[in-house]
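Visitor: Below, each chain spelled out in residue letters.
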Amino acid sequence: MIIDVTVNGVQRHLKSRSGDRLVDMLRKELRLSSLNADCLQGRCGKCLVFMDGRIVHSCLIPAFKARGGTILTFEEIAKNPEVNDIEKAFHATHTQPCPFCHTAKTMVIFDLLSRVPLPSEEDIVEALDMVSCPCGDPIGLIQTVKLAAELRNKRKFNREA
Amino acid sequence: MKLSEVFYPQDVEEILGLIRKNPDILLMAGGTGIVGSQPSRTIQLPEQVASIAKVQELRKTIRTEQFLEMGACTTFTGILSLAPASLPDPLGAVIKSIGNRALRNIATIGGNLCSRSRFLDLWPFLSCMDAQVEFRSPSGTRWASVGHLCGEDNRPLIPPGSLLSRLRIPHYNYDFVYYRKLGNSLYPTADSAMFVCMANIVRDKVEDFRLVFSGEKAFRLKDKEMSVSGRKTNTPKREIRGLVAEYKKSFEEMELFDSRPFAALLEDVFGRLFL
Numbered sequence: 001m002i003i004d005v006t007v008n009g010v011q012r013h014l015k016s017r018s019g020d021r022l023v024d025m026l027r028k029e030l031r032l033s034s035l036n037a038d039c040l041q042g043r044c045g046k047c048l049v050f051m052d053g054r055i056v057h058s059c060l061i062p063a064f065k066a067r068g069g070t071i072l073t074f075e076e077i078a079k080n081p082e083v084n085d086i087e088k089a090f091h092a093t094h095t096q097p098c099p100f101c102h103t104a105k106t107m108v109i110f111d112l113l114s115r116v117p118l119p120s121e122e123d124i125v126e127a128l129d130m131v132s133c134p135c136g137d138p139i140g141l142i143q144t145v146k147l148a149a150e151l152r153n154k155r156k157f158n159r160e161a
Numbered sequence: 162m163k164l165s166e167v168f169y170p171q172d173v174e175e176i177l178g179l180i181r182k183n184p185d186i187l188l189m190a191g192g193t194g195i196v197g198s199q200p201s202r203t204i205q206l207p208e209q210v211a212s213i214a215k216v217q218e219l220r221k222t223i224r225t226e227q228f229l230e231m232g233a234c235t236t237f238t239g240i241l242s243l244a245p246a247s248l249p250d251p252l253g254a255v256i257k258s259i260g261n262r263a264l265r266n267i268a269t270i271g272g273n274l275c276s277r278s279r280f281l282d283l284w285p286f287l288s289c290m291d292a293q294v295e296f297r298s299p300s301g302t303r304w305a306s307v308g309h310l311c312g313e314d315n316r317p318l319i320p321p322g323s324l325l326s327r328l329r330i331p332h333y334n335y336d337f338v339y340y341r342k343l344g345n346s347l348y349p350t351a352d353s354a355m356f357v358c359m360a361n362i363v364r365d366k367v368e369d370f371r372l373v374f375s376g377e378k379a380f381r382l383k384d385k386e387m388s389v390s391g392r393k394t395n396t397p398k399r400e401i402r403g404l405v406a407e408y409k410k411s412f413e414e415m416e417l418f419d420s421r422p423f424a425a426l427l428e429d430v431f432g433r434l435f436l
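Quick mapping for you: the protein sequence lines, in order, are chains A and B.
The first sequence: position 108 = 108 (this note's numbering), numbered continuously.
Count along the second sequence starting at 1, add 161, and that's the number in this note's numbering.
Keep in mind that the hints were calculated from the coordinates and are not lab data.
Please note that a few of the clues may not be correct.
Claimed, not checked - With a straight-line cut-off of 25 Å between C-alpha atoms, the simulated DSS-like cross-links for lysine-lysine are:
#1 B:K409 / B:K366
#2 A:K15 / B:K215
#3 A:K88 / A:K15
#4 B:K398 / B:K378
#5 B:K410 / B:K398
#6 B:K163 / A:K28
#7 B:K409 / B:K393
#8 B:K221 / B:K163
#9 B:K215 / A:K146
#10 A:K15 / B:K163
#11 B:K342 / B:K393
#12 A:K28 / A:K88
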């Protein structure tokens, strides 16, 4: 079957079988290298995408359910200046994630800051729960997200968080 | 690989038309339970599947003085985005404990209740809260208590050839709410279960006592609940021990689960309710 879907701002007509997962369709048809599907259970977070504005595990979604929807992957999100804030915060707090979960952690922090400009520790822990990779220091990551929020708010509103 | 035919109904009438033609069609809303429980790369689906998540009638939320009514395709995130005062206690906290945010963005309340393999997290709460569900089928519409989605074999019983379209949750907060989740937090395993107890305390008396333990099967005894309701909170300990022993005995006789965690939770509940 053909699935009409907008991926990273471009209208696509992607080939899929009824039993395909969304992550596999995106990888096969569009060669989106940021996506992986290791656990197939929504645990590892390596398949996170934004579907119709909400962050979702693309391994848990049958490809046919994306019909008529809008998908954003890390390839598009990475163009956003907010990702620079997150990268700067990773460097400044020495919490650079491992190569396996770097995109996933960036995606969940991006999602969190776009919903909650000044996240609490509880918000941060809840967001990071979407990625199961144990790399890095959890307390350091909380500092990273707080710093990223500060950088973002300073850049966007020219004020301290 | 066996291919399935996929339909995209636009409204409830179209869904009912599909059910009329094939009562075994799989109605998929979020699909997290169906997809997440399959370890294989390719998802195994029946011959016909209908994707119903985008049907607007199934996503509406209405709040009245008596109840909160929501369409079965309301996602958990959609429920959590309602004003906290709209959500009967402890529904918000329980939903927040299900999976992670990305999963809650797609999982739906209807999907949680329609699991055929086991009772998922919300069933025991909604059963205790006397929530009602609307089923629509080509032959008509009927409302049923969530508690009735349990068969005589104590396993989930979802009426075949019907669509769970709406839920009504009474706006009623209990004075005493106790729940414990046992087992895996993201996807349930054989030993995962939910223990829920609710009651009111009126003039030092325990009223409206409800107790549900559910996993692959469900345990609820209304006659035992009635024997607890009406007792004073300072009932002598000897009497309470007798009640706990009776509950345990009934539980063991039904041979539904390993009785040890149930016994420990039961003692904890009665210890908190009866001082």
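Visitor: Hints numbered earlier in the text: which of these fail when held up against the supplied structure?
Guide: Violated: hints 3, 4, 8, 9, 11 and 12.
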